[in-house]
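Asks: Listed below are the residues making up each chain.
Number of protein chains: 2
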Amino acid sequence: MRYELYYWPTIQGRGEFVRLALEDAGADYRDMARGKGGMAAMTRMLDSKKGIPPFAPPFLKAGTMVIGQTANILFYLGPRHGLAPKSEAARLQLHELQLTITDFVAEVHDTHHPIGVSLYYEDQKGAAKKRSAEFLKERVPKYLGYFERILKASDGAYVTGRKATYVDLSLFQIVEGLRYAFPKRMKKFEREIPDLIDLHERVAVRPNIKAYLDSDRRIAFNKDGIFRHYKALDK
Amino acid sequence: MRYELYYWPTIQGRGEFVRLALEDAGADYRDMARGKGGMAAMTRMLDSKKGIPPFAPPFLKAGTMVIGQTANILFYLGPRHGLAPKSEAARLQLHELQLTITDFVAEVHDTHHPIGVSLYYEDQKGAAKKRSAEFLKERVPKYLGYFERILKASDGAYVTGRKATYVDLSLFQIVEGLRYAFPKRMKKFEREIPDLIDLHERVAVRPNIKAYLDSDRRIAFNKDGIFRHYKALDK
Chain E
1 MRYELYYWPT IQGRGEFVRL ALEDAGADYR DMARGKGGMA AMTRMLDSKK
51 GIPPFAPPFL KAGTMVIGQT ANILFYLGPR HGLAPKSEAA RLQLHELQLT
101 ITDFVAEVHD THHPIGVSLY YEDQKGAAKK RSAEFLKERV PKYLGYFERI
151 LKASDGAYVT GRKATYVDLS LFQIVEGLRY AFPKRMKKFE REIPDLIDLH
201 ERVAVRPNIK AYLDSDRRIA FNKDGIFRHY KALDK
Chain R
1 MRYELYYWPT IQGRGEFVRL ALEDAGADYR DMARGKGGMA AMTRMLDSKK
51 GIPPFAPPFL KAGTMVIGQT ANILFYLGPR HGLAPKSEAA RLQLHELQLT
101 ITDFVAEVHD THHPIGVSLY YEDQKGAAKK RSAEFLKERV PKYLGYFERI
151 LKASDGAYVT GRKATYVDLS LFQIVEGLRY AFPKRMKKFE REIPDLIDLH
201 ERVAVRPNIK AYLDSDRRIA FNKDGIFRHY KALDK
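Here the protein sequences line up with chains E and R, keeping their order.
35 is the number that UniProt numbering gives to position 35 of the first sequence; each next residue is one higher, with no gaps.
41 is the number that UniProt numbering gives to position 41 of the second sequence; each next residue is one higher, with no gaps.
Be aware that a few hints might be false.
Just so you know, same-sequence chains aren't split out, so a pair can sit in one copy or run between any two.
Said to hold, decoys possible - In silico DSS-like pairs for lysine-lysine, Cα to Cα no more than 25 Å straight-line:
#1 K61 - K86
#2 K188 - K223
#3 K235 - K137
#4 K50 - K142
#5 K137 - K184
#6 K142 - K130
#7 K125 - K184
#8 K223 - K184
#9 K152 - K86
#10 K49 - K137
Since the hints were made in silico from the structure, they are not lab data.
For clarity, every value in this text was computed on a predicted model and none was experimentally measured.
Model the full assembly from the supplied sequences, consistent with the hints where possible.
Replies: Below is the structure:
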């Protein structure tokens, strides 16, 4: 089956967590909105007045199913592509971790948009500075410390043991993103999370991930995505 | 099986979405942190250095499983208690809706804490006013309009048809919460979402929900939960 991924064509954003899983799995997929007519198709599906359309991109068309919400897409893909265990208990526990990553990603976004998405960064720069300071001081250590603790307790190199899961791929992306957005702060902070940094290196050299990162399918970080670099926020 | 629910004992918060499902189902559960020694037990479980502890309350102990993240708990409970369909496709679609409610709830929280959770409301009141104005103008119509559209397209009175699901219970709670936090604005806005308001009334009179709401198990809204009423934010 060829999957159809629908996501904004010029950013990594939330879609990147899905792209990484599809790429690592070597799955057959098309990144629809980057092809001809794809944006129009995506908009039509979002605006549908029939049934239950997705609320927002990313969403994945898999046969007749249309699956929205990043963590939900990964929950579906995981056991089908060797990126999640198959038992219900283990699948739910992995999903729980992905939902915590989802919460963290929303907080990352709000560092540059603490007042609202309909306003420009420049119009909320004062609040963004304060929120970023709080985020770096309180939230990054809380979230990343949690995953570091889990990696330390794991009996393998990955969060649930010896096999990489979609959560490991997502944690790779979290480290990538934080390094891009807050290079000064991350440089200092990385010594606190050695196991997460090791995990990042291990994911980066997985053959399919490496090939993906070197390809033009990987969109560069930029000032429209979730992770954005503003010097004023990286104090 | 008797479930053990772990959540803060003095607020509705995120735990309330789980309480509503357990109550509607007539499930056998204990709200642990409201009983003797419960807070200490909750803290111990969160601080565990073994395996994969929950990141935050609420979490549910079901036999040997410990399930964290509100939407994940509901995903588990739903089909076991007649509050979700059983097919994988339908379960994922319902879960997708719950994850969109989860996103909305995080935005509700940030109306009074746009800068950070470690600061008092009073120390971020200016930003809270701006964020709340944006939230009421842009986000509430976007999210609630989405659910209104789905209810209009449904061939029954509930989001997925003729049977109530945990998503319907959660939407009841969203209307309750918004009415408490933003009474002035909601009064005007409710005429835009007649089907959601009908749904709210329909859930409120379900026998188990009605009995729950009338009991002292239902904690009153207050200024520590997700939904908080501050006059300055309800312009």
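Asks: Does each hint fit the structure? Answer for all of them.
Replies: These are the hints, each one checked on the structure:
1. K61 - K86: Both ways: K61 and K86 sit 22 Å apart in one copy and 20 Å across, limit 25 Å.
2. K188 - K223: within (23 Å within a copy, 37 Å between copies)
3. K235 - K137: within (11 Å within a copy, 32 Å between copies)
4. K50 - K142: between (41 Å within a copy, 17 Å between copies)
5. K137 - K184: For K137 and K184, the Cα distance is within 25 Å only inside one copy (13 Å; across copies 36 Å).
6. K142 - K130: Cα proximity of K142 and K130: one copy only (18 Å, versus 27 Å across).
7. K125 - K184: within (19 Å within a copy, 30 Å between copies)
8. K223 - K184: Classified as within: same-chain Cα gap 18 Å, cross-chain 37 Å, threshold 25 Å.
9. K152 - K86: within (23 Å within a copy, 37 Å between copies)
10. K49 - K137: between (44 Å within a copy, 23 Å between copies)
Consistency note: the structure conflicts with none of the earlier hints.
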